[in-house]
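J.: Per numbering that gives the first Met the number 0, the sequence shown starts with residue 0, numbered consecutively.
Worth double-checking, as some hints may not be accurate.
To be verified - Pair ranges (Cβ atoms, derived):
id, residue 1, residue 2, range
1, E110, S340, 51 to 61 Å
2, E327, Q213, 22 to 32 Å
3, T230, K356, 24 to 34 Å
4, E233, E347, 18 to 28 Å
5, S340, I450, 20 to 30 Å
6, K208, R249, 47 to 57 Å
7, E110, L207, 32 to 42 Å
8, L137, K78, 40 to 50 Å
9, K78, A232, 43 to 53 Å
10, G157, E233, 14 to 24 Å
11, E94, G311, 20 to 30 Å
What the hints assert, rightly or not - The calculated lysine-lysine pairs, modelled on DSS-like cross-linking and capped at a C-alpha distance of 30 Å, are:
id, residue 1, residue 2
12, K356, K374
13, K209, K170
14, K374, K321
15, K444, K401
16, K326, K247
17, K234, K289
18, K418, K356
19, K300, K321
20, K418, K444
21, K170, K208
22, K408, K302
23, K411, K423
24, K234, K208
25, K150, K169
26, K418, K466
27, K158, K208
28, K300, K238
29, K423, K393
30, K116, K84
31, K411, K356
32, K326, K300
33, K234, K300
34, K456, K418
35, K300, K418
36, K289, K267
37, K238, K158
38, K300, K423
I should point out that these hints are in silico values taken from the structure, not numbers from a laboratory. Positions of the beta carbon are idealized from the N, C-alpha and C atoms, including for glycine.
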Amino acid sequence: MDIYFDFLERCQNNLYWKSTDRLLLAVSGGVDSMVLVDLIQRLPHSIRPWFGVVHVNHQLRQASIEEEKFLSHYCTTNKIPFFFKRWPEVEHPIEGVEVAAREFRYAFFHEVLKEQKATHLLTGHHGDDQMETILMRLVRGGQLGSIAGIKKNRTFYGKQLTRPLLEYSKKTLYQYSQERSVSFYEDESNNSLEYTRNRYRHQIIPLLKKENTQVLTHFANFSSDLQDVITIAEKEIEKQTANVCLQKGRYCWELNLPLFLTFEPAMKRQVMQILFNKIFHKEVSEIGRKHQVQIIELIEKDKPNSQLNLPGSWVGQKMYHKFYFFKEDEQEVTTKKIQDSYSLNLGEWLSLPNGAKIGLFEATKKSIDVGHAQKVVWLNPESIQLPLQIRNRKPGDRMTLKGLETGSKKIKDLFIDQKIPRNKREEAVLVTDSNEEIIWLVEYKESRLSIEPETDKIHYILIYESK
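Using the sequences plus the hints, can you model the full thing?
T.: Structural data, given as structure tokens:
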């Protein structure tokens with residue numbers, strides 16, 4: 000197989016980049032990245048944009064200085080811009096070296112991309128890397144998108160990360176390097192079975208290749224097909240997730256249960272997965288599939304109110320027709336409660352902690368223009384004692400109900416009857432007169448003191464304007 004002409008055709012047909020773009024090639028000095036450099040150098044000027052080489056010396060091996068010098072000399076000889084950085088040994092952690100090295104490397108790549116106004120970062124990942132990655136992730140476990148393997152193209156700090164060698168085997172790259180006399184360095188650590196990837200590379204992959212000589216192609220097709228299916232499915236799942244869930248605060252999300260319950264079981268699971276990715280991906284790594292199953296089971300039960308404590312002080316709480324994800328230690332921040340009570344006099348507006356405002360005015364029906372965001376209650380001045388008091392509910396609060404001539408009802412029971420979520424109950428605003436008689440449970444119920452507007456008489460009007 001003549002890699003160059005195949006590579007040239009793929010560059011032309013797949014339009015990895017335009018001639019006006021600027022490429023950075025991440026080069027370690029190994030055979031794959033050195034073959035990539037050689038292939039890019041050979042492209043005709045019409046499809047070969049400006050490119051440079053970026054290299055990180057992790058200083059984890061004795062040969063790393065020699066490799067750095069080799070790359071520097073190679074780039075100087077071939078007039079290729081060369082950008083490199085050393086990872087100081089004092090910054091090497093005792094544990095998690097691989098992850099820390101990757102973070103340092105990616106941070107430097109980002110820095111050079113920005114400085115050089117580059118549009119693409121190219122890496123030399125090949126077909127064997129793809130197969131190893133899929134097998135490792137399948138065995139380790141993970142989400143479907145992860146198991147689909149390495150993407151040929153993805154975003155990287157707002158730029159494009161491209162792997163143009165994914166279709167080629169490691170064996171093919173070695174053959175090309177021999178034919179072209181491409182110099183490279185072998186990392187001796189690649190032979191150590193202490194590393195998970197090396198065990199797959201040297202012990203498992205050879206068995207699969209022996210079983211089927213086309214296995215590398217089959218894994219490549221599997222990855223491509225699965226990524227296509229995921230791309231199509233994600234659009235519909237994201238759409239349904241947006242329909243069913245709203246972010247109510249930095250640490251509070253609300254799920255519409257009647258709509259969620261109309262979904263097929265498969266859609267429920269996928270929507271829950273998307274929600275977990277959105278809500279928990281930065282905060283808690285311990286929240287996973289078992290919690291998704293528990294929450295779906297909790298939602299599907301008949302019990303109207305229930306709760307599940309999650310790692311990281313997160314809580315999943317079912318409240319009638321809503322389900323909330325919130326952080327327990329942030330609950331007080333998201334609850335907009337009134338401290339003690341406020342007095343409201345005639346002709347005044349009062350701003351409330353929830354962002355709304357309430358006012359009391361003398362008015363006739365014709366003199367008041369009520370907006371869409373406003374709710375009003377008309378009052379007979381002779382039936383109430385000013386100033387009015389604005390507060391949240393207290394234990395034992397009762398009120399009369401407009402339309403009922405006798406009796407009263409506990410505020411607690413009104414909330415239960417109307418299926419008001421617990422957090423909303425705590426924020427609910429009560430208006431009383433100076434004798435503590437409840438006039439209005441704002442947004443929910445009016446008392447017998449609320450009257451119908453009368454055109455020819457002057458009354459008081461309470462106006463509540465939500466934010």
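J.: Hints first: check each against the structure and report whether it holds.
T.: The hints, checked one at a time:
1. For the pair E110 and S340, the supplied restraint of 51 to 61 Å holds, since their beta-carbon distance comes to about 56 Å.
2. One distance hint, 22 to 32 Å for the beta-carbon pair E327 and Q213, is violated here, with the actual separation near 54 Å.
3. Distance hint check for T230 and K356: the Cβ-Cβ separation is about 47 Å, which falls outside the suggested range of 24 to 34 Å.
4. Taking the beta carbon of each, E233 and E347 are about 52 Å apart, not inside 18 to 28 Å as hinted.
5. Checked against the hint of 20 to 30 Å, the pair S340 and I450 passes, with Cβ atoms roughly 24 Å apart.
6. About 50 Å separates the C-beta atoms of K208 and R249, a value consistent with the hinted range of 47 to 57 Å.
7. Between E110 and L207, the C-beta spacing of about 39 Å keeps the proposed range 32 to 42 Å intact.
8. Taking the beta carbon of each, L137 and K78 are about 44 Å apart, inside 40 to 50 Å as hinted.
9. K78 and A232 have their C-beta atoms about 47 Å apart, which keeps the hinted 43 to 53 Å range intact.
10. Taking 14 to 24 Å as the suggested C-beta distance range, the pair G157 and E233 conforms, at roughly 20 Å.
11. The hinted range of 20 to 30 Å is satisfied by E94 and G311, whose Cβ atoms lie roughly 22 Å apart.
12. Under the criterion of a C-alpha separation no larger than 30 Å, the hint pairing K356 with K374 is consistent with the structure, at around 11 Å.
13. Using a Cα cut-off of 30 Å, the hinted pair K209 and K170 holds, with the two alpha carbons roughly 14 Å apart.
14. A threshold of 30 Å between alpha carbons decides the hint, and for K374 with K321 the separation of about 24 Å falls inside it, so the pair holds.
15. Restraint check: the Cα-Cα separation between K444 and K401 comes to about 8 Å, which is no more than 30 Å; the hinted pair holds.
16. For the given pair, K326 sits about 12 Å from K247 by alpha-carbon distance, which is consistent with the 30 Å threshold.
17. With a C-alpha separation of about 25 Å, the suggested pairing of K234 with K289 holds against the 30 Å cut-off.
18. As the CA atoms of K418 and K356 are separated by approximately 24 Å, the hinted pair is consistent with the 30 Å bound.
19. Proposed proximity of K300 and K321 is supported: the alpha carbons are some 13 Å apart, at most 30 Å.
20. Only pairs whose Cα atoms come within 30 Å are accepted, and K418 paired with K444 is accepted, the gap being roughly 13 Å.
21. Restraint check: the Cα-Cα separation between K170 and K208 comes to about 12 Å, which is no more than 30 Å; the hinted pair holds.
22. With a CA separation close to 24 Å, the supplied pair K408 and K302 stays within the 30 Å bound.
23. Proximity of K411 to K423 is assessed by CA-CA distance (about 12 Å); at most 30 Å being required, the pair is judged to hold.
24. The suggested pairing of K234 with K208 is violated, with an alpha-carbon distance near 36 Å, which exceeds 30 Å.
25. Taking the CA atoms of K150 and K169, the gap is near 18 Å; set against the 30 Å cutoff, the hint holds.
26. Taken as a hint, the K418 and K466 pair is honoured in the structure, with Cα atoms around 23 Å apart against an allowance of 30 Å.
27. With a C-alpha separation of about 35 Å, the suggested pairing of K158 with K208 is violated against the 30 Å cut-off.
28. Straight-line distance between C-alpha atoms of K300 and K238 comes to about 25 Å, which keeps the hinted pair within the 30 Å bound.
29. The suggested pairing of K423 with K393 holds, with an alpha-carbon distance near 14 Å, which does not exceed 30 Å.
30. The suggested pairing of K116 with K84 holds, with an alpha-carbon distance near 18 Å, which does not exceed 30 Å.
31. Proximity of K411 to K356 is assessed by CA-CA distance (about 24 Å); at most 30 Å being required, the pair is judged to hold.
32. Between K326 and K300 the CA atoms are separated by roughly 23 Å; this keeps the pair inside 30 Å, and the hint holds.
33. Our distance criterion of 30 Å between C-alpha atoms is met by K234 and K300, whose separation comes to about 29 Å.
34. Taken as a hint, the K456 and K418 pair is broken in the structure, with Cα atoms around 37 Å apart against an allowance of 30 Å.
35. This hinted pair checks out: K300 and K418 have alpha carbons roughly 16 Å apart, not beyond 30 Å.
36. Between K289 and K267 the CA atoms are separated by roughly 14 Å; this keeps the pair inside 30 Å, and the hint holds.
37. Our distance criterion of 30 Å between C-alpha atoms is met by K238 and K158, whose separation comes to about 26 Å.
38. Proximity of K300 to K423 is assessed by CA-CA distance (about 22 Å); at most 30 Å being required, the pair is judged to hold.
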